[in-house]
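Q: Put chain B on the given structure of chain A with help from the hints.
Listed below, chain by chain, are the residues.
Number of protein chains: 2
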Amino acid sequence: MNNKSYWIWHYGDYEIFHVMNVHLRREEQGYHRPPFWKINTPYASVKFRKEINSKGGYMICHINGNGHISVDDTRYIENSRIEITPGIHVVEVHVSNFGGLPAIFVESDVCPSDESWTCNHFAGNFSPVGYNTHFCCADQNPENFPFEYKNVLPIAKEKIDDGILYDFGTELFGYLNIVGADTNDEIGVFYGESREEALDTNYSYITDYICGEKKYCLRQRAFRYIYIKSTSTDIEVSVDYEYLPLEAKGNFDCDNALFNEIISVASYTFHLNCREAFLDGIKRDRWVWSGDAYQSARINRYLFADKEIEQRTLIGLIGKLPIEQHINTILDYSLLWIIALYEHYMTYGDKTFLSRIYPMAVELLTFCETRLNKDGFIEGHPDDWTFIDWSEIEKVGAVCAEQMLLIKVYSVMASISKELKIDGHDALLEKSEMLKVRVNEYYWNEEKGAFIDSYTSGNANVTRHANIFAIMYDIATAEQANSILNHVLRNENIIKITTPYFEGYELDALAKLGEYKTVEEQLTSYWGGMIDLGAKTIWEEYHPSMNGIEHYAMYSGKYEKSLCHAWGAGPIYLFGRYYLGVYATSAGYETFIVEPKLGGLKEICGTVPINDATVTVRLNQEKLSVVASKAGGTLVWKGEKYTLKPNEPLIIDC
Amino acid sequence: MNNKSYWIWHYGDYEIFHVMNVHLRREEQGYHRPPFWKINTPYASVKFRKEINSKGGYMICHINGNGHISVDDTRYIENSRIEITPGIHVVEVHVSNFGGLPAIFVESDVCPSDESWTCNHFAGNFSPVGYNTHFCCADQNPENFPFEYKNVLPIAKEKIDDGILYDFGTELFGYLNIVGADTNDEIGVFYGESREEALDTNYSYITDYICGEKKYCLRQRAFRYIYIKSTSTDIEVSVDYEYLPLEAKGNFDCDNALFNEIISVASYTFHLNCREAFLDGIKRDRWVWSGDAYQSARINRYLFADKEIEQRTLIGLIGKLPIEQHINTILDYSLLWIIALYEHYMTYGDKTFLSRIYPMAVELLTFCETRLNKDGFIEGHPDDWTFIDWSEIEKVGAVCAEQMLLIKVYSVMASISKELKIDGHDALLEKSEMLKVRVNEYYWNEEKGAFIDSYTSGNANVTRHANIFAIMYDIATAEQANSILNHVLRNENIIKITTPYFEGYELDALAKLGEYKTVEEQLTSYWGGMIDLGAKTIWEEYHPSMNGIEHYAMYSGKYEKSLCHAWGAGPIYLFGRYYLGVYATSAGYETFIVEPKLGGLKEICGTVPINDATVTVRLNQEKLSVVASKAGGTLVWKGEKYTLKPNEPLIIDC
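Read top to bottom, the protein sequences are chains A and B. Per my numbering, the very first residue in the first sequence carries number 1; after that it's consecutive. Per my numbering, the very first residue in the second sequence carries number 1; after that it's consecutive.
Just chain A, with the same shape it has in the complex (with noise of 0.2 Å):
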């Protein structure tokens, strides 16, 4: 049979259905925490539709919920065989599912479920479905998320006071099982990111408590080591690692070894919480936040180039209307949702999409608008959350890195609205371009040549913050970077960044500057310092004057941090988007620049994907490789251009 069924849906329901799971299924030292924010979840009735006009055949229609099916306004209960005559028809499928995901699968010769069916939530107009491509048989539930499963075993066990702690080497996300119990033994069984927080059975952030089996399969939580209080005495376990089958697109290579190290460090920590969206932290909170999304989908682009979880963290983000609050209640997170989306459709092009949730980022926009003051800043209000960073920044009134953000937010949206041909894009670039002009007005300190924090407060404080999103957006001038970066970037008085989420930013905007040798010491203390704690994952933050498991505490818990963070991975955005030197400069990579730097190293090579094809570099300081497998490049090097052919290597002498 030619004719390909999936499971459809109204577009965005499974995306915010699955992320809705994520964002539920928190628990912590044995409560339920849902966030503190509004949930999105799926409608609760759809009504699908597909006017055919065929040669006859037949339709059998699963329903994933209750409903029926209407062939020209005949009804048919679901899963019968239904004849459809040749000619005309109209095909509908009613369905309602409140608590799951309303979706239908048609097997049929002349109306196979599939992208060319419509739906509504019965209102509003017919669009087209959502679909999945893995999900097309007809005994699949598009409610189970499509991971993929491994058995893994303990590389170590310990007998520790009245336990025995096993030690998986490095940290996993999955099912733990135990077998061999005894069925009157009260198990107690202790997580840890740390050896530590497994053996502090008081303070284990996750705990189970298990009796009355032989043999359990615990539900899935995040762990390294596992610390087992039991009295059973043949006890083993195994872990079913839950993990999303993804491929690694882009790589990097180089011969400094400790790099090297990061980033296979930063790639398994960022694979850990690439799962349904782009959680934070695979252990603690398990959430999609926007600000830490944003950052992981710039790393997902130099690393696995998966579109897809771009676009199920975008829309299980901004979820549905009304918009009655900044995403995760964060205003720096609104504005971050909107660039994101901009840089997304950079990288692949998907106009399809990117015209499908254009509407809520004008809502989104138009949102955030009602927090303009009355100097036209972007402002906190009372429920808003103004979070930058982990960092003492000067919040009173507006602040300035939310400026530096919406400067960019209206220029991304002229962009797009370009590429949309839809009305505004100079409206929207003036307002950007009024807004850089009130900044520099009002925020730019010439006696400290920098921006400041705020403009209310009188204290003309400092930090890094606006200053490196003003290099990293280019709303800084050449002579205003070329201050910020000696007045702030290499000023020792400038409080550090502690988090790798900013540290991130720093490093793309000390590359930015060309500034390759802090950069690399940077890269050496803060994520070499980590892994010379023997991290195998990134942390949440670090302070390298900190102590023992001092460095695991955060949040007031002694254990709070997360060990294993998304946003800790951002060097593997720094060696792809600045060392390999690649990032398109139209849509989808259909035109693209490749400007590699070999900073202080001797040699590096790697690829970077660029939508559904890659680009090669290879650099030391005697030669340059560069191929890419599709047209559209054009190689900067030493101010020179060069246009790249399709597979053929351009060679040139260092």
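No incorrect hints appear here.
DSS-like, lysine-lysine: derived pairs with alpha carbons at most 27 Å apart: (1) B:Lys374 - B:Lys395; (2) B:Lys249 - B:Lys150; (3) A:Lys517 - A:Lys602; (4) A:Lys320 - B:Lys38; (5) B:Lys320 - A:Lys320; (6) B:Lys418 - B:Lys320.
Read the hints as simulated data drawn from the structure, not as lab findings. Note that this is a predicted model, so its numbers are computed, not measured.
A: Positioned in the frame of chain A, the structure of chain B alone reads:
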């Protein structure tokens, strides 16, 4: 313990949850049929909050869903005893429950869960929770609607062909119990509102096919007759009749036995349809329809005077933002919702409810105004349904009956603004007046002496509907009303009303004009006609000219007409409002009029509930006696006004 606890939830979610369940429960001829409008659902997560200043005590919190308790940011698991130290504390409970109703129950001597708690949906302001005094025990679940049950046996049993027909004497709604079945007996159960439907097994609207058990309790259905095809020899059946325990606070009795019978049948019909909300009919769709509910609320006020069911209905119908379509997709039903809200307030004076739901009324009116055409008239968009009635109204362009409703809507919204001391009263009244002027200009046809259906078509077609609304809502001048009476209401050439729905409105208009003779003729021929045919409940539609099972057909289905339809109970309103003559003149019957009319009857007596008080009227050709149990009443009799003193009978010789 003095501290009474209740299950509490996000205000409105209880109503939305139960109305959603009603809407998603429809089955016909073996398939599920969700409504053709958008389904509203409860919030998936809710944050409950209470600030306390106590001398210390304890709390135990039960959660319907997943979540935790926090006291001053220290978190606890559900069902655990939490000690509260003396002083000021903030208690929060965070709950998620996708697919259910997030709710909590707090046993406590310091912060029992009651109306003093607030909540939000992790967005928006905190506002008082919803609760229901019925749910006052921890082991209850507010997802189970508090019906009562009574076991009912059939009154007759008859062997017909290879099955047995059971007659329960009148329509019921409940769970059919079958005992004594052979386990291998493939039993067919055919439900009928009529004997014919139950026996016509290929066409019975609802059927169950069961096998494998000795006894069954089938899902709740509506029926009077059951026909069971079975090979078991010892089957016995009974029904667990499910109903809302409503007490009739109003009543009416007169010297006309048929009218008394009509009241009795109407009351039973109405009671069967008073459940989670006002249903349209108990058998077929069992959905909640705003226009039907508008009339049900009018009936309710003279029978059960149950404020709660009106509020459940109003909340369940309006749902949540965004408003994307008309209520039930029907233009007139949106408008009737707003009028119903005002009339509800006038009856019960519940300003708390009014102020909580008022923002949704504003949103609904704003939505309706997106449907104004260039002439300023409201008009259906392609996806809107202009219903008005099952009648041949000329629905071309803007339809007159809709304008009548909109005139009334502006006027009641003006009154509501005034009651709530919200700006806009004058502007709304102006809109109402201006629309009235334009309606007279465009729709009043001097030649026909009536309002025409449509000014677009040029046909000057006249039906009863717009003209009835013009009288009901005091839009017609005295002169116009007189003309309408002669040219429309008494005009045999104007198509007759066929539904009790609009027949109810017609009687209202006729009684208002003092046309009691016609009213009584209609009662006798129309309602009396159904009763003559053996109806124990009032039908959805009645054409006196039909014969036999023709009466049961509708919507192209042999038995699709509902034979127990709430809108058939209009005479209850008629007798209370016009014969007993009781109606409120300010909110909550603070002031009210009693203006009895004997019509063509010799004797009437009855009681009208007036917001926790009553008025009892007895009138015959010799004497009038009126007694109200509260102050505020004015008797109007033969052009004179008499002040009614509480509990003091006022007796007048006629």
